[in-house]
Amino acid sequence: MVKAASNKITKIKQQFPILQQEVNGKPLVYLDNAATSQKPQSVIDAITNYYTKYNSNIHRGAHYLAEQATIEYENARTKAKEFINAESDMLVNFTKGTTEGINLVAQSFGNTFLEEGDEILLSAMAHHSNLVPWQIIAEQKKCNIKYIPVLEDGTLDMDAFHLLLNKKTKVVSLGYISNALGTINPVEEIIEASHTFGAAVLLDAAQAAPHLKIDVQKLDVDFLAFSGHKMYGPTGIGILYGKEKWLTEMQPYQGGGEMIKEVTLKGTTYNELPFKFEAGTPNICGGIALGAAIDFMNEVGHDFIQKQENEVLAYGTEALSNIKNLHIKGQAKNKAGVLSFIIKDIHPYDIGVLLDKMGIAIRTGHHCCQPLMDAWEIPGTARASLAVYNTKEDIDRLVEGIEKAKIMLQ
Amino acid sequence: MNTIADIQKQIVEDFALFEGDAMGQYEYIIDLGKELPSLDEQYKTDDNIVKGCQSTVWLHAFEEDGKVRFFADSNTVITKGIIALLVNILDNQTPTNIKDAELTFIDNINLRSHLSSQRSNGLNAMIKQMKLYALGFESKINENENAMKNEIKETVKVEELTANEIKGNGNSVVSDVSDVSDIDDKIVVKETVGDEMKSPAQIEMMVTEKIKEVFDPEIPVNIYELGLIYEIQVYPPLNNVFVKMTVTAPNCPVADSLPIEVRDKVKELNEVGEVDVELTFDPPWDKEMMSEEAKLELGFF
Ligand SMILES: Cc1ncc(COP(=O)(O)O)c(C=O)c1O
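Quick mapping for you: the protein sequence lines, in order, are chains A and B.
Just so you know, we're using this note's numbering here: the first sequence kicks off at 1 and counts up by one.
Just so you know, we're using this note's numbering here: the second sequence kicks off at 411 and counts up by one.
If you're looking for bench data, these hints aren't it; they were derived computationally from the structure.
Backbone N, C-alpha and C fix where the C-beta goes; we use that ideal spot for every residue, glycine too.
Be careful, since some hints might not be right.
What the hints assert, rightly or not - Here are the simulated DSS-like cross-link-like pairs (lysine-lysine), alpha carbons at most 30 angstroms apart as the crow flies:
(1) A/K404 x B/K444
(2) A/K53 x A/K26
(3) A/K26 x B/K444
(4) A/K357 x B/K622
(5) A/K344 x B/K509
(6) A/K13 x A/K404
(7) B/K454 x A/K406
Claimed, not checked - Counterexamples of contact, computed for chain A against chain B with all Cβ distances above 10 angstroms:
(8) T10
(9) L165
(10) K213
(11) G255
(12) P282
(13) P379
(14) R397
Whenever a hint applies, use it, and build me the whole structure from the sequences.
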């Protein structure tokens, strides 16, 4: 049984050409998946295929290639729809990534529904991309932003959340999983409570999409955004899901081709969903390759991905905890894929540089969560983050590397 | 006394021992970082932080017997090791030698290949800051010598400069050092004592500071350091101000607006009366009119 799993991992790992190389003379251990994951051969092939066989503009050409490209692109949309169990393709918008998805909702939802004095509820551990777009619209619309505090163990202060929620709250926008800490937030509870006050909920699923099976209908979430590049797909493509009742009412985000039905000099009738929010020639190749990434995840299987990652995470948590003076940041019971840590009297940057020299890629810094790091009064953490191809051997290399770096630095 | 070139040669030789051994080189850098004495907490001020570094770097400098002393620290050991290399080379050298130093060791030990691009920018920022200090102290020393030549009895104290003073004052460091280090105090005096009379020289300093807030669009150096200001006259008792200035070229699109901007800026000072700004092209502006700091800023060195 154990053997079968490790065989499967070996096979999976072989599908990632980039992981077969040496860095600084050592076999690469890639533990920076929360920043971006590596891409399997099938995704790389999808990109090559598109440009070698049927590159053309979609939704308008009347020729063979255009037809081919349109079919593949819309096929990918259907795959994405199934990936998150959306009600319909028309609620699944292609974006360039999570950041664009959140900006789209902040601007379009904000301009349509927010009024002076309304409140927006965010979290103190949010990624900057889930803070700044809201700060911009809040300023434009004279709304107030409230922040749910983070407890010492890296979980949201849910008591505070319930206290902050009120009739003026119009939007609650939170990470499904924290990129800095790996905490899985209690999103069901948050969505249910928010809805009782009539607030719409946006989930930033950038870190959830690669790890969890997402079901927007079961969650009853209003908006959900994620990026292709963190789930084995290419950069520059992502998905924004929205409930029909919001998307039909919302103003378009950008104007241009693709998003219009009829243009006269007097005005424009907007195209139907999802094209209303997809102005201009999209990232066609990226969309198709995202479809291939979804295929890859489906083939490996969500259950397997979770089981494998959780096993390595548990192993890593245990192993890192045994390192003297190392403290894991983010000790939530419900966690996915992230080991964020600090070591007494050692700057995370120093650890990161030395690990890099040993062929181990991790991330150091504030992970785009400056407010959280400020609250904890630390300059940042070192973060190892997992994907399905990571193994216990990778953790062993990490631990060995940290021990070696510690000796050099102390 | 080891010259800058000698010390660099030694570093390059030390590094050669670790040819092809990245970890060994890091060990060497880390050891340097550990050996570099920590900077006293009182000098870890915001003023002493070197901007542009990813990790926090403090640089403290003062002048002693015609040499510049550097003391530095960082919150990461590796960065501290890299600063230690610079400190070991440039500490206790004359300002002129520091200013003119060619830091060839960086390429010779291939230091940048070990640094991320951000870190490499940080290295540039550190070097620039050290050279700026050297520039500041060089002018102070010249000033002292001039003062002695002029047989002015009053001894001019060579004080410590903070990074901000140097950054903020450019040309005036070159031309009028003893006044510059006092200017903050003077502004405080203005706020607390109110109507205390100021000398024309003091007013001129304040006018200069105001003019330094004006920028020629697209050039990231203020117009004073660019050398656009030819003359500042203060006429007591009403402290009317006359400024003669130029722009970089006669067909410059800001030829009309820049003098007005200068006038309005100077008028913000309560202490001055009427302000008259004259635009001249005699002599025409030339690159050589820039302060040394401006040249450094614009990459002319
Ligand atoms: C939780 C979270 N939200 C949003 C983002 C931003 O994603 P992207 O840069 O792909 O738009 C990231 C990526 O770093 C993330 O981890």
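Verification of the supplied hints:
1. The suggested pairing of A/K404 with B/K444 holds, with an alpha-carbon distance near 17 angstroms, which does not exceed 30 angstroms.
2. With a C-alpha separation of about 37 angstroms, the suggested pair A/K53 and A/K26 falls outside the 30 angstroms cut-off, and the hint is violated.
3. A distance of roughly 27 angstroms separates the Cα atoms of A/K26 and B/K444; the hinted pair therefore holds under the 30 angstroms criterion.
4. Distance hint between A/K357 and B/K622 is unfulfilled; the C-alpha atoms sit about 46 angstroms from each other, more than 30 angstroms.
5. In summary, the hint linking A/K344 to B/K509 is not supported, as the alpha carbons are separated by about 39 angstroms, beyond the 30 angstroms threshold.
6. Between the alpha carbons of A/K13 and A/K404 the distance comes to roughly 26 angstroms, so the proposed pair stays at or under 30 angstroms and holds.
7. Between B/K454 and A/K406 the alpha-carbon distance is near 26 angstroms, which keeps this suggested pair within the 30 angstroms criterion.
8. The claim that A/T10 is not at the interface with chain B holds, since no C-beta of that chain comes within 10 angstroms of its own (minimum 29 angstroms).
9. Non-interface call for A/L165 relative to chain B: holds, since the shortest CB-CB distance, roughly 38 angstroms, exceeds 10 angstroms.
10. Under the 10 angstroms C-beta cut-off, the non-interface status given to A/K213 relative to chain B holds; the minimum distance is some 37 angstroms.
11. Remark: the non-interface label on A/G255 is consistent with the geometry, its nearest Cβ contact in chain B lying 31 angstroms away (cut-off 10 angstroms).
12. At the 10 angstroms boundary, the C-beta of A/P282 stays outside the reach of chain B, the nearest C-beta of that chain being 31 angstroms off.
13. Not every beta carbon of chain B lies more than 10 angstroms from that of A/P379, the smallest distance being close to 7 angstroms; the non-interface claim is violated.
14. The Cβ of A/R397 sits about 15 angstroms from the closest Cβ of chain B, beyond the 10 angstroms cut-off, so the non-interface label holds.
When the structure is compared with the earlier hints, violations turn up for hints 2, 4, 5, 13 and for no others.
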